[in-house]
Every structure is written in structure tokens, then in C-alpha cells.
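These protein sequence lines map, in sequence, to chains F and L.
Following my numbering, the numbering of the first sequence begins with 1 at its first residue and continues without gaps.
Following my numbering, the numbering of the second sequence begins with 1 at its first residue and continues without gaps.
Mixed in with the good hints there might be a few duds.
Subject to a maximum C-alpha distance of 27 Å in a straight line, what follows is the list of computed BS3-like cross-link-like pairs (lysine-lysine) [said to hold, decoys possible]:
1) F/Lys-83 / F/Lys-41
2) F/Lys-66 / F/Lys-2
3) L/Lys-531 / F/Lys-190
4) F/Lys-83 / L/Lys-468
5) L/Lys-531 / F/Lys-137
6) F/Lys-41 / L/Lys-258
7) L/Lys-583 / L/Lys-222
8) F/Lys-164 / L/Lys-141
9) F/Lys-41 / L/Lys-92
10) F/Lys-190 / F/Lys-207
11) L/Lys-70 / L/Lys-85
12) L/Lys-583 / F/Lys-41
13) F/Lys-80 / L/Lys-468
14) F/Lys-192 / F/Lys-2
15) L/Lys-235 / L/Lys-216
16) F/Lys-137 / F/Lys-83
17) F/Lys-41 / F/Lys-66
18) L/Lys-281 / L/Lys-258
19) L/Lys-85 / L/Lys-281
For the record, the hints were derived by calculation from the structure and aren't laboratory data.
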Amino acid sequence: MKYTIRHVELELLPERAVFWREKRMLIVADAHIGKVSHFRKNGIPVPRMAERNNLWRLSGLVMKTKPETVVFLGDLTHSKHNKAWEQFIDFRKVYEEVEMILIKGNHDILPPEALHRAEISVMHQMSVGPFLLTHDKEETELYNLYGHVHPAIKLRGRGRQSLKVPCFFFGENYGILPSFGDFTGSHALKPKGGDTVFVPGQKETLKVF
Amino acid sequence: MNELRVAEEWFESKGWKSFQFQRESWQACLRRESGLLNAPTGSGKTYALFAGVVMEFLQAKVQGKLKKEKGLKLIWVTPIRALTKDIQNACKNFCDDIDLDWQIAIRTGDTSTSDRAKQRRTPPDVLITTPESMHLLMASKGYEEYFSTLRFVVADEWHELMGSKRAVLLELALSRLKTISNPSIWGISATIGNMEQAMEVLFGSDFGKKKLRFIKSETKKKLKVLPIIPEEIEKYPWAGHLGVKLAEGVLPILEKSKTTLIFTNTRSQAELWYQHLLDIKPELAGLIAMHHGSISRELRDWVEDALHEGKLKCVVCTSSLDLGVDFRPVETIIQIGSPKGVARFVQRAGRSGHSPGERSTIYFLPTNALQLIECEALKAAIAKDDLEDRVPYIRSFDVLVQYLITLAVSDGYQPKDILPEIQSTFSFQSISEEEWLWALNFITKGGSSLEAYDEFSKVEVMEDGLFKVNNRSMAMRHRLSIGAIVSDSMLAVKFQTGGYLGSIEEWFISKLNPGDTFWFAGRPLELIRVKEMTVHVKISKSKKGAVPSWQGGRMPLSSMLSENLRIQIGKVAEGKFDSAELKAVRPIIDAQQDRSLIPSSGELLIEKFNSREGCHIFVYPFEGRFVHEGMASLLAYRLSHFRPFSFSIALNDYGFELLSDQDIPIEDGVDSDIFSLDHLSEDISASLNQSEMARRRFRDISGISGLVFKGFPGHYQKDKHLQSSSQLFFDVFRDYEPTNLLFKQAFSEVMEFQIEEVRLRMALKRIASQDIRITYPEKPTPFCFPILVDRLRERMSSEKLEDRIKKMTLQLEK
């Protein structure tokens, strides 16, 4: 599904990420790498495979889109350094040629040297084209793309059916990306007139509002 | 010499006469036997066992058989804290009178830390406690020494424990105690349908091997059931579960009787009734009170004391007063709405009329017209002594995992020592080698262990093979989550000026904004702010406000009650209106007959019609909501063989509804034997995969097994990073570890308790012998109306996600 913001065409991928083909830039929000390890470290037995899956999905996405740059819109990691970060570094090495940028989020508390080892540059915000990329909402003249919220939307249909699904949420001057991580919750938003909402399905992204 | 002298003389000194069952119990205790005492509340069951325990001790002392005179001798386990005080008083009275210097202590969640510490240093002679507190003791160092002098364990209100996972906690604790000090074990139980199984569950592998006594008290209480019949049944609502329309009819009953208990099924209903009674009769102020599980302990204690002293005219309560101590001034009981089961109804009725030979009186207030038939069914069931079975939990791996960590938190253990004990319990008699290894693996390696290195650490395996928790904060976290009752995240409700009112579910508060009014503990409160785990409020001037609706209270109609209900429906189908209740409900029955049909005992009724919402199918098996839920999913699944459908499902205790945006070909379904028993298990599992039932069950499982941690009290924010939802866990296990026993347990619990597979099979078997009658009513019928207005719905879909989303986009939720 393609969506144009201020004359720039973005692809909204069903993998819960945005691809800006013209710039070959992949934008991923709230991956929460290491959340599973963090839980396990504290004696809560989440299957480890859940962690692997995040990286596999990310890896698959990079292979599919072949980006020049990957921008993580914050909360790339969930907490302190753990095994999952080593696995991330392994993943990083496979795609050496790709530039990776982290917009720092509230969960990103890894020390600079750990990030350095992953050859990932850290910024608080980043302006590119008509966009300001941040973790959480910022005041700006530019079009603000951010994550943090883990947006979802509730749908209702005939026969009193209802469904809560993660979504891409676009307002007049801001857009919110769904969280990329598997093991993360979501927060339901209510769109108003002028908002546009897309839902990532199993194979394609659909416009619902 | 009379060996029962001590107790006999004490009874004489009180001017009482001992009952046969008491003498039998005393003798059995003196011989250090174990068994089950079948006696109702208020029959003198406490003395039947306590006096026996004391006499056995004195006898052993005289005979010089005691190794040690000091130390813990008796653990008295009760399911509810409210009972502990009463038992303590009874025991104290006896000891004081016979000059026995025994210390009788209580240990529950309410016991202060300093008292607990004192109990640890010098063990009392008698400890009155709950299953959870017993496990907490086992989670502290040196617990084996603590229990080494134990001679007796009494499981009070065993029938109550047995239907819950708390019974599994007790079974496990007993299995440990049998090794440590081999105490005699006694259960006390009211009469239930499966009395023999009650013994089997309590004694585990000893049942059938060891000589066990069954002692039955001969007292049986007389019971009178009176319906409150609406004057104009035509105007009485067809649906509803509040019943406040009939409140005027309650006033003369309150007038007549010294004290009345009004039982409601949910806490929100109790709040509403309390408010409403005060509205229609303001003179009741100060004479009426409310009692339910979310109200603070102090307030509840006050209500209970006032009840004892006869200061209250009326108390509106929930199951929180089902059990427990007797309130002598209570003369009358009113049950609002369906009690859902015969045993519960009888239990509640028994809260009135305590003197021996006195009759219990209970009024039944229907909250909708059809419940009058239920009243008639209750009477019939009571006359036949049709009491329900309590279904025990088996293979509750969540509780097992918790227990294995509990033991590792205290002194640690060698698994080979613990396994035989666990196999001796009823719950885990069938545990396999593989399952045992899984459990050990789960607590030490966190499940699948494909890789050697990992950071997971809960229970560590020491060099000598000892399983032990060494991390202090891990141990602390575990102690806080011991137990088998999982409730929603609760917030404390406090006045801004101080003063604790009770606790309330987080999801209710999250819907309110500061300044909003809600009713709680019988008062209109204005929300000031929510800070961490506390809701700050002040008294509101507004009289209108939201009433919190606590979850729960959605239990199904029992098999006994529904069977009797079907008999009554069959009777009215034949035109037999032979009681006041049935005569009163006749206009409603006529309307049903007029618009559709009253099914006779040989018929199953299906109604079909279209509305703006889509195509509705109603089926009425009268089997209780759980069976209906399973049957509805099954039908939805089988219908999807015709073509992909999305259904929403609604149900009550009488029937269920399938609603779809497309025409539902139920006629074709009936022709192709949609109710068939063939491939039932496969079809149920297939339909379950798509349903939410197992997911909901998993909520409790993840809490008990320690997957979801609720946080330290008072440290809400700090531990937030470890909080997660059971929903996420469910998805993760489904995707990455479907062989996880906790995940699988969710499905077997759904089969056993949610779908009640056995009952479902029997219902389908019955349907196979019935004529299926499909009607096409033009207007909603009295049968379907209550289901139609029920907004709680289950979803089920065989369509692709994308297709569903495409259909739904047009009607986005406002």
C-alpha cells in the first residue's frame, strides 16, 4: 500500500514498517529487541524463539527491500545489555553496507560503547525531506513521523463483530508507526475527520479510514 | 474408664448433649485415623474434631508417647479468612475450660509481619490458616522442623475448596506433610453430589489403600422456598438481571423478619440494590449494610459484628457471605436472580434459622419473568436432593510449577525425593516422566533448552543436585505471587483525607476521568486522581454515577438445575401449570407459544430471523452458558464447512445465538446432522483454535505459574518493566512453543470447565433423540429477547483477516 505525504510516496509494509523507496530508507519503530531476554533474565520463562523471530523478521525485511539506510524510531532495545544485543550485532554484521540510525527512545538505555560496537549512529531526531523523524511526538513545522505509542485501532462490523489491530495512523502533520516487535502490547486510537488509518494484514496493508 | 471423658464432661458442663457423629469423630481421632466428616455449618463440627485432637494429645502424653510436648500439633485449613476468628474462639473456649495451655494462632494474608515472625520463632500449638499461607510457610527456611511435631490437619469446608485450584495447593502441601510428620488428615464437607470423590481427592493415593473413616451427621435442615411474584407479569421485563422493579415487594419481608440477608450474584448488583432500597425506604439508613469482596476488611468486619449483635435489619451481600460463621439474628434470606445451582441455593438458605429444628426460609426474587420457572425447578431439585458435583482440578501444571519454586525458595530439594509425593496426589497421579522433566526444565531453564548458554535463572541446580532459588529478589517476588486466586489488577480506593474503602478493578477506573462520579461501598464518590496503585476520592454530591461492574458472576446454570428446568419447561409445554410460579408466568409462556413454540421434552427449538444487524439463529438446549458456548462454537465451525463465515456469538443459560452478516443455512445444517457426536473432539479442538476461550483461561494460568507478575505492593512503577499481559504470552507460546504444558493446560481446562465436554456430549446425545423444530418468528420471542440484548459477545471467524477488515471498514467504531 502506497501513501503520499507532502509529495513523498511511502510504502506501508504489512511487516509493520515504512519503506521510502526513492531514498531507499526503511523505517522501523519500537522493535524492543531484548524484551524477551530481559524477562528471562528475571526468571520469567518466555520462549526464546520469540526473540529470534523479531530479528528474523527484520532480516527478511532488509533482504526484501534492500535499503541503504535503516532508521529505528526509538525503543530498538528494551533494557540493559543482554544476549539479544549480541544477536543483533550478528545480524548487523551481515548487512555491513547498510547504514543504521537509531533515534533514541525511552527504552534505549544501552551504553554508547554497546551501540558503537553495533556500528549504529544515535540521534535524538532526524530531519529528512519533509519529515522530522522522532521517537515520540515533537512540535515541528515538518511532518512528524514517530512511534512510541504502539498504535492500534478497533474496528466494528455487521453482526456485531469487532477487532483490535495494530495500525499506521496519519494525521494532518504527523504519522505514527505501529510497533515492530512481536512481544509488545498496543494502544487503541480513535481517528477523527482528516486522519488516515492503515492496517497491516497478513499479506497486504489495507486502508480502513 | 471412658476415654471420651474430657469432651463428654465439657459438653455436660455447657448443658449440651453430644451427637453421635461427634462421639464417632472423637473415637476416630483417638485412634489417629483419617477421614471425612460430612456435616453442615453450625452443627458442632468444629468440636467434633478439635476435641478429638486435644484428647488424642492428652492420651499420648499420659502414655508417654510424645517425643516433644511443645510445637505445632494441629493445622486447621479453611478457605475463607472470615471463618478463622470463629474457629479460634471455639478452640480457645474449649482449651480454657479444660485448663489446657495451648496457643491458638491465626495466619492468613491479614496477619501482620510481626505476628508472623513471632509464629515462626515459637510455633503455636494450633495454627488456623488458608492453603496459600501454608505454602508461604513452606517457602520459608527450616519449614520441615516447623512441621515436625504436627499430629493433625483439618481441611474445613472441603467441598468449597475442592472445586478450585486451591484444593491442588492443599493436596501438594499435604503430600509434603505426610513425609515430614505423617499427620492424620480430616476433611469437613457439606453434602455434595460426589461425596466419595471428595475423599479420593483429599487423600490421593491413600484412598483405597489406607483405612479411612466416613462420618455423617444425621441433622438435616428443613427448608421453605417462597417466590416473590410480580403483580403484573405482563409488564415484568423479559430480560434483565437486576430485579430492582420488585424492590417494593421486598420491603414487607424485611419488616416481618428480625434480620434479612439479600444475596445477589455480582458485586455491582449488590451496590445497586443497596442504593435502591435506601432510595425507596430512606428509614433504612443505618439499619442496612452491604458486604462484598471488594469492600475493605475493616468495613466487612464491622458489618459482620453488627450482624452478630442484631443491629442490622438487612445486609445486601454476594457470595462473600455464602460461607462462614453463623449470624443468629438472621431469620430470612432473599435470593435475587438465579442462584445458578441447587447447592448454592440450599447453602444460602441455610444462613437463616439456626436453632436446631428451626426451619430456613428463603425467598426467590426473579429478575426476569422466565426465572419463575427456575424457582419451580429449584424446589423440585431440593425435594429430590439433586445436589451438584464439585469437579476437582487435575494436572494443574501452573500450580505444580509454582509449588516447585516455593520449595526451592525455602530449603531446596532433590527432585527424586519430591516426585513420589507429587505422584501420590489426586491431581498429579497421572504425571508422566516427560511432564515431570518438563516442569523441572521450565523452572531451571525457562522452557525449551536448545542452547547451552542462557541468562535464564529462577531455580538453580546446585553441584549436589539440589534445586534452589538463590537470588533474593527472585525469592521475594515468588512469595508475593503464591496462591491460586488471580484477580484483575486491583487499585486501592482511599479518601483524600485518608481512610481506606476497598479495592476496585483497574479497568473500571481507567474508563473514568477526574470529576466523574461512581458508586462504591454504598457511597457516591468523586474521582480526584489515580496515583500509582491508589484511587483518591471524595464524597460526591451527585446521586447519579456509574456502578462498577465486577467481572465474575457469570457462572453457568448447574447441570442439576438445568435438568430440573427442562422438566418444568416440558411440563408447561403440555399445559400443566400446577404451581403459583407457573401460573404467574403463563402469559409469557403464551406469548412464546404464540410467536414461536414451547419445546416439549422431546423437541429442540431453533428460531431464525433477520434484522438490521444480520441473520440471527437462536438455539435453546437449556444447558447453562458454558455448554452453550461450546455448542455455539461447534455449530459455527461446522457451518463454516458450507462457506467461510464470521459469527458473533451471544448466550445465556437457556440458549445461544449465532449472528452473521450473511444468511446462515441452518436448515441445511440440520439436514446434514450438525449436532452429530461424530468427530466431536476434533471439531471442538478445531473450533477452539479460532476462539478466545483458551486465551481467557490462560490469564489465570499465567498468573499462578508466575509468567505475569503483578508488581510489588507500593512499587507499581518500578516493576512495570517486568509486567506483561497474559495475552502476549499466549500468542508467543502459540507461535513458538505450542508444546508448553501451561499452554496446553489452558485448552484442557477449557474442555473440562468451560465447555464442560462431558456435559456437552450428553447434551448432544439428548439432542440426537429430539425433534428439531425451526420457527421463523416475526418479532423477538420471550426466549430470545434476553440473549438478543446481551452485549457480551464471543467472536469466531473462518474468513481471512483481510476479508474481515475490508468488510468492517465502513462501520468504524465511533
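Going through the hints against the structure:
1. Of the supplied pair hints, the one linking F/Lys-83 and F/Lys-41 holds, its CA atoms being roughly 10 Å apart against a limit of 27 Å.
2. About 18 Å separates the Cα atoms of F/Lys-66 and F/Lys-2, which keeps this hinted pair within 27 Å; it holds.
3. Note on L/Lys-531 and F/Lys-190: the hinted pairing holds, with a Cα-Cα distance of about 25 Å set against a maximum of 27 Å.
4. The hinted pair formed by F/Lys-83 and L/Lys-468 meets the criterion: a straight-line CA distance of about 24 Å does not exceed 27 Å.
5. This hinted pair checks out: L/Lys-531 and F/Lys-137 have alpha carbons roughly 24 Å apart, not beyond 27 Å.
6. In summary, the hint linking F/Lys-41 to L/Lys-258 is not supported, as the alpha carbons are separated by about 60 Å, beyond the 27 Å threshold.
7. Restraint check for L/Lys-583 and L/Lys-222: the C-alpha separation of about 25 Å stays at or below 27 Å, so the hint holds.
8. Proximity of F/Lys-164 to L/Lys-141 is assessed by CA-CA distance (about 47 Å); at most 27 Å being required, the pair is judged violated.
9. Proximity of F/Lys-41 to L/Lys-92 is assessed by CA-CA distance (about 49 Å); at most 27 Å being required, the pair is judged violated.
10. Distance restraint check for F/Lys-190 and F/Lys-207: the Cα-Cα separation of roughly 15 Å lies within the 27 Å cut-off, and the hinted pair is therefore satisfied.
11. A hinted pair counts as satisfied when its Cα atoms are at most 27 Å apart, and L/Lys-70 with L/Lys-85 qualifies at roughly 23 Å.
12. A hinted pair counts as satisfied when its Cα atoms are at most 27 Å apart, and L/Lys-583 with F/Lys-41 does not qualify at roughly 67 Å.
13. For the suggested pair F/Lys-80 and L/Lys-468, the alpha carbons sit about 26 Å apart, so the restraint of at most 27 Å is met.
14. Restraint check for F/Lys-192 and F/Lys-2: the C-alpha separation of about 21 Å stays at or below 27 Å, so the hint holds.
15. Distance restraint check for L/Lys-235 and L/Lys-216: the Cα-Cα separation of roughly 48 Å exceeds the 27 Å cut-off, and the hinted pair is therefore not satisfied.
16. As the CA atoms of F/Lys-137 and F/Lys-83 are separated by approximately 31 Å, the hinted pair breaks the 27 Å bound.
17. This hinted pair does not check out: F/Lys-41 and F/Lys-66 have alpha carbons roughly 34 Å apart, beyond 27 Å.
18. For the proposed pair L/Lys-281 and L/Lys-258, the alpha carbon gap of about 17 Å is at most 27 Å, so the pair holds.
19. A threshold of 27 Å between alpha carbons decides the hint, and for L/Lys-85 with L/Lys-281 the separation of about 34 Å lies outside it, so the pair is violated.
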